[in-house]
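> Residue numbers (numbering that gives the first Met the number 0), protein chains in the order written: chain U, 0 to 451; chain W, 0 to 451; chain B, 0 to 451; chain L, 0 to 451.
Calculated from the structure, these hints are not laboratory results. Check the hints yourself; a few may be wrong.
Given that identical chains are not distinguished, each listed pair holds provided it fits within a single copy or across any two copies.
As the list claims (entries may be wrong) - Here are the simulated DSS-like pairs of lysine-lysine, each with C-alpha atoms no more than 25 Å apart in a straight line:
#1 K382 - K340
#2 K446 - K161
#3 K120 - K244
There are 4 protein chains.
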Amino acid sequence: MNQKNLELSTQAISQYNSLINNLLSHRKLPDVGWDDNVIEWFINEISMMDSNNFIENIGVGEREGRLYSQIVARRHFGLAHGIGRSGDINEQQPKAAGSSLIQKLTNYLVLDALRIAGLEKSIDACLVLPMATGMTIALTLMTMRQTKPKATYVLWPRIDQKSCLKSIVTASLTPIVIENQLIDDVITTNLQTIEETIKSLGAENILCVMSTTSCFAPRIPDNELCKKYDVGHVINNAYGLQCTKITHQISQSVRLGRVDYVVQSTDKNFMVPVGGAIVASPLAENIDRLAKNYPGRASGAPILDLFITLLSMGRAGYRRLLDERKQLLPYFIDEMSKVVKEVGVGRILNTQANTISFGIAIDSNDVSKSVLAKDNISMIGSKLFMRSCSGARVIDVQSGQKKSVGNIDFKNYGSHIDNYPTSYLTVACAIGITKEDIDLFSKRLKKVLMNK
Amino acid sequence: MNQKNLELSTQAISQYNSLINNLLSHRKLPDVGWDDNVIEWFINEISMMDSNNFIENIGVGEREGRLYSQIVARRHFGLAHGIGRSGDINEQQPKAAGSSLIQKLTNYLVLDALRIAGLEKSIDACLVLPMATGMTIALTLMTMRQTKPKATYVLWPRIDQKSCLKSIVTASLTPIVIENQLIDDVITTNLQTIEETIKSLGAENILCVMSTTSCFAPRIPDNELCKKYDVGHVINNAYGLQCTKITHQISQSVRLGRVDYVVQSTDKNFMVPVGGAIVASPLAENIDRLAKNYPGRASGAPILDLFITLLSMGRAGYRRLLDERKQLLPYFIDEMSKVVKEVGVGRILNTQANTISFGIAIDSNDVSKSVLAKDNISMIGSKLFMRSCSGARVIDVQSGQKKSVGNIDFKNYGSHIDNYPTSYLTVACAIGITKEDIDLFSKRLKKVLMNK
Amino acid sequence: MNQKNLELSTQAISQYNSLINNLLSHRKLPDVGWDDNVIEWFINEISMMDSNNFIENIGVGEREGRLYSQIVARRHFGLAHGIGRSGDINEQQPKAAGSSLIQKLTNYLVLDALRIAGLEKSIDACLVLPMATGMTIALTLMTMRQTKPKATYVLWPRIDQKSCLKSIVTASLTPIVIENQLIDDVITTNLQTIEETIKSLGAENILCVMSTTSCFAPRIPDNELCKKYDVGHVINNAYGLQCTKITHQISQSVRLGRVDYVVQSTDKNFMVPVGGAIVASPLAENIDRLAKNYPGRASGAPILDLFITLLSMGRAGYRRLLDERKQLLPYFIDEMSKVVKEVGVGRILNTQANTISFGIAIDSNDVSKSVLAKDNISMIGSKLFMRSCSGARVIDVQSGQKKSVGNIDFKNYGSHIDNYPTSYLTVACAIGITKEDIDLFSKRLKKVLMNK
Amino acid sequence: MNQKNLELSTQAISQYNSLINNLLSHRKLPDVGWDDNVIEWFINEISMMDSNNFIENIGVGEREGRLYSQIVARRHFGLAHGIGRSGDINEQQPKAAGSSLIQKLTNYLVLDALRIAGLEKSIDACLVLPMATGMTIALTLMTMRQTKPKATYVLWPRIDQKSCLKSIVTASLTPIVIENQLIDDVITTNLQTIEETIKSLGAENILCVMSTTSCFAPRIPDNELCKKYDVGHVINNAYGLQCTKITHQISQSVRLGRVDYVVQSTDKNFMVPVGGAIVASPLAENIDRLAKNYPGRASGAPILDLFITLLSMGRAGYRRLLDERKQLLPYFIDEMSKVVKEVGVGRILNTQANTISFGIAIDSNDVSKSVLAKDNISMIGSKLFMRSCSGARVIDVQSGQKKSVGNIDFKNYGSHIDNYPTSYLTVACAIGITKEDIDLFSKRLKKVLMNK
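Starting from the given sequences, assemble the full structure and let the hints guide the process.
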């Protein structure tokens, strides 16, 4: 190469290096998302730091990161050692400096993203685990139990989502269901029952209250009771990061009450494949204890997915996604109102505290006056699915069916309460949805409701 | 296209389809491994069956498999929904018929591989979990506890590998360390102590014995005690699938004694990235119970890695890997003997039951008569690592250091016993190692031992 | 799989198949561009039709499409046989039904794209060649010569771009330079000189006129002279597809005059890597003759790039790109006017017929009154390049330098005419440019002009 | 990262850098082929040097390497600018320092490979062109004509492969067919006719002799005539690099006679996709003239394929391929002899000078005494193809068919001579063939010959 071209190349590489240095020194989302090729260069460069990728490496241990398939090697950028060491999932692996760096950076980027999402200073540290929310909550509970071994109860305001309940049972703990209360269309947590239960079981026997933020039937998360009675508090914030109302409520809980851990799904909040969860805490030592309690190594794949995605979004991209979702919610409700009106079936449930999902009541009157036969209510969901609409759920309360989950019987499982006054259909305005999605869904729902 | 070309294309597609049909109907490893492009075609085809990849799909739920980054989408072949449903990790997801199919097929292929590896008919069912062995053992213990809730002890013949012990502690159980006994160079399990401990603690209070097969210090896995006293038996078979001696021993244990679960690492046995474990059991209902106890969904990535790898190996490829490893072990020992002789330092430990790892004793006499200064013993490992040799471990028993793991104190941690008579270096002849690796390692070790 | 999931999968596959069938039956750009994964599925499916990808294939010829490197195999989707047969570049290869299908479809898609771009019915057929415009024009000229072997002159209205001229020389033909004329800022073709030259050399000795549409100094393409004198007419329309004014002018030339071939670059018009050209003609037999004159096979890579890109754009995406470019041109000119005004250097050249590039005159007065030293005029381009702005060109007419290309001497080479009254800088508003590009360029240009 | 890990990473990167530096300084094939990931890292790093990949790049020209499709960008590693400048295909592009570097390195690596293949010091320079052999030969002829414009004849010892002949015609030259002579089974060049033709047409009117090395019917390439009469000599060495007998013969021709250009296919010799050719010459200035005669830019894809493949092979890998091919030839002949004997049909043609392909004579006697009906002779090829055997060709001389190629009539086209005494089937033992291929082919051929 001649001198001039050499200068140009040097310049090009320095532009790239300045991006990298910025990331390594600030440990925050880049202002603007990186291009895919820049992300791939960076990961490839990091990957060279893992011993299995050393050109002259020889492995004489039992776990040397050998990869048989080139497809597999490629899809993981040659990263084979996973994350963590046997003593601490957060510890740096000597054999895998690159994998460890990605894990460390991802935790930093996620912390930054949590703050952008509204958790702000309430959160001191976080940890991305390569397990989905259910198993992560189980591990969180088991970690809490290490310091309060006699406490075997978890107070659990009812939420009809199986894995929450199962995570308690899996952790060999006993869930105490706190039934919700109904005010008009809205289901809320019965704080009075919680307090009575704490008193009757004894705070020393209660490991924690597990509240849930993000769900069609949200309840105000416990604010002061846990602090007052010194029982733990785990917030299942599965997909709540996408809504600033929820994150601000959590921040308030931290300030006024007690919060030990807040657990969120990576896939539901950051558009990555299922398989990761983010545990955040107001106390860094809580996170430290969790990391140390994890036995052994773990898959690095969900962490890498998040790393790539956050670099790709950048601060601007993530903000735009959050804003778009927020702006599309009233549009979605409007469009559904129009459908409901036009078809003459149902009404939008009045649950203003729900900022992600909302419900469309479809009661028996609707059915009798419409083309929908009664037995079709529960068919709406599957009819929609057959028209390539996924995610709409029908809650048929008229059947009054009982269901047993984790050896506990529930009436009208799915509606979060025994006696919701009407059957309904829920839809969600979740991160990544587009106006086009909503428009197409409206058309297809109308056809289904008109039995066309 | 004209008629003739149409015929040819049809023929090409039918060759491909016949591979696929063979797999779907026999559910076993293909005799000969598939080419990478065939594997990729197949996964792409399966991926189309997941709703997020439906061309006309609209998602109005909270979890719709939207992927933000094209890098991420591509590396997962568009598979976003992970595996499992909230009720059962093994259950088919309606939204993700493709992902579910891969999971199902992988379990079948792994079962076939277990049989090729020598577990034969002793194993009735297996399950691949997207967690490494430590966390998987924790889940296994918690599952066993569901049916024996009062039993909180786990008898644990000492093995100095942190995550085993931690998996017991994480599961809120109490490990009872069974110290090993020494016969010449060999460390073995003290069956008598186990029996005495069962008697003294009461079988009803003991959840299980956890034995370990694959380790430099292997012990005969419990054969008849667990059956005799009706306590559970979990075998930590981390990397033992690669050795038929070990798998035959397990089969014998199943026949003569009691085995509840056998847990093995996917990365150590099948050359995939860290992040998965295979749980096998002589009773399908044990596996079923485990699957149902897992709370929520999970990452599909480690399953896909295994799926790809097994299709790529085929029966012939897997057998060849097993055979090569077996044949390289005596060669490796020979080469090490030569090095030891030539350098005049150390001797090969006589532990014929160890069929994967072996040790090179380096005692103080060696050191005094050699160029190695005393303080250099523990440096050998790091010196090797600086020469791009990873995995060799130095056990320095002369220091007599204590270490606390899971609140239990151990003397000479790493040597599996309090008073091993000599310091030593371990190396492993693990699956995927090549003759060239051994030759290069011999050269580099010699240089290190000669302090060059 | 159960019945319901089977239905869903079938449905998913049928959505995919309907896209494919639509393409195969209509042979036009899809209305909406396809997602990347759909494109990759399709190419993978097609690739299976090539004999080297037949699972049971054995090759015993000299050219069997064996690929050594998996990287290479993957980047070509396993397509190894290139395009064409020795007799005809457009002929279907028996060994490579898939590659042949892609080539055929690409020609159809390109024809559709040409019509969207404004060539409409004037064009009867087209051919994508895996050679850039220069070599493609050479082949086109050689093909024309087959039917008029004695004609060795090509009349060539001067355009200062080397490869045009070289393509005539390479084809062993003699270029006759037709000097342009100047009207105010505008350079145009001197039709009178063309006519005189035809008469003086004799039409029977002239193979063709080669006119150029797309260039900072465009000229009205020959309209009626070629028809009148029965000489051929090749239009070098290198990057002219992106501008409807140019395509309409070509259509008019076809209607009123004679056009044998119109040649355009794939990279400049469709945002693919350099390496392909599209030859279009009002007469399908011209294209047929060209295809038959190409000796042997050729690379399929540039065709595949175009195929992927056109499927990815779809009709909507291509239209949007064309519209955006059109709308950004006045914005670009405005921004440059502002810069010029602010800096007090130069003026925008008044060349309204130029709809892609435009010029900024920078004469000596500008220089003397500005911070720019005289010798800096020609430095502007390289200064811009050092600030990561590529593509701006400085034409320094004051130097009056002579340059010899293809053994012909030119004065002020680069300015398309001997005596352009001012030096200038050209920039282009080409397909794919963004508003952000223009804004950033304005900033950087300002800095350069102010010598900061 | 802590200090120790930093050291390790530095070490890893220095291992990588030492590979790269070795390549850049020696410009020869690496002794051992590089791993795929190392190759990809290197190309990605180079790719950063092209201006379209500068992170802060803004393009305001007409050709800025913008890529619309991410699939396309990825498959070309972001390299968009192709190779060459309008003045010289070998010239470095200022906008594309990376692409230019790859081109330069590839030419060096190819030169090294040519020497390994046996061309040794006879060759002074070479050039890889992104056009297959046919078009490359046409360009070569046109280049030769620049310095001898009046010479329009090309003496062409008959070889029945269309694109050779067409490349002469495409270049607007007149082929003079030199009929071959037959000695037993062997077809050879008639040197006497060549000499007579040179004398009768006049050496000054003859551009060159075009001889062909690699073909079932090889002839001794002209040795001294071209030198004696001062006419050019182009050797079409399409797939001859894979055979040292051929390369040594060429070296001898260079020493004793005159050789202007030797042209070889990249796909046939180096297992890359169709689309490139290597032109080598004993005189560097010949290569220079060719490079300068190429008009404009060109696709970089075939060059990149070769670059990747040569790095992947390394010297050892390439040698191994050459050796394996050589060793398999006698095996292949033996196996075919056995088939022929067993079936009782045909005999192996005695053409020991053919070291790549060989023929199996199948005359009418064979047919009458076998199960093959006469009309089946020509069906053998297509029957084999229907059994997934490609590349075997049947030459049916009994039909005596005439065929016109490039306006010249040939009798028994395909057999390279008018009156070959027998019909036959040719197969090739080409680079990349495996023993398994030969075994499977033997089985299938037997079935076809036995009409099963």
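> If the cutoff is 25 Å on CA atoms, where do K382 and K340 land: within, between, both or neither? Let me know, please.
Intra 20 Å, inter 64 Å, cutoff 25 Å: intra-copy only.
> Quick one: K120 to K244, C-alpha cut-off 25 Å, is that within a copy, between copies, both, or neither?
within (16 Å within a copy, 57 Å between copies)
> Is it within, between, both or neither when you check K446 against K161 at 25 Å Cα-Cα?
Result: close neither inside a copy nor across copies, 31 Å intra and 59 Å inter.
The earlier numbered hint that this structure contradicts is number 2, and it is the only one.
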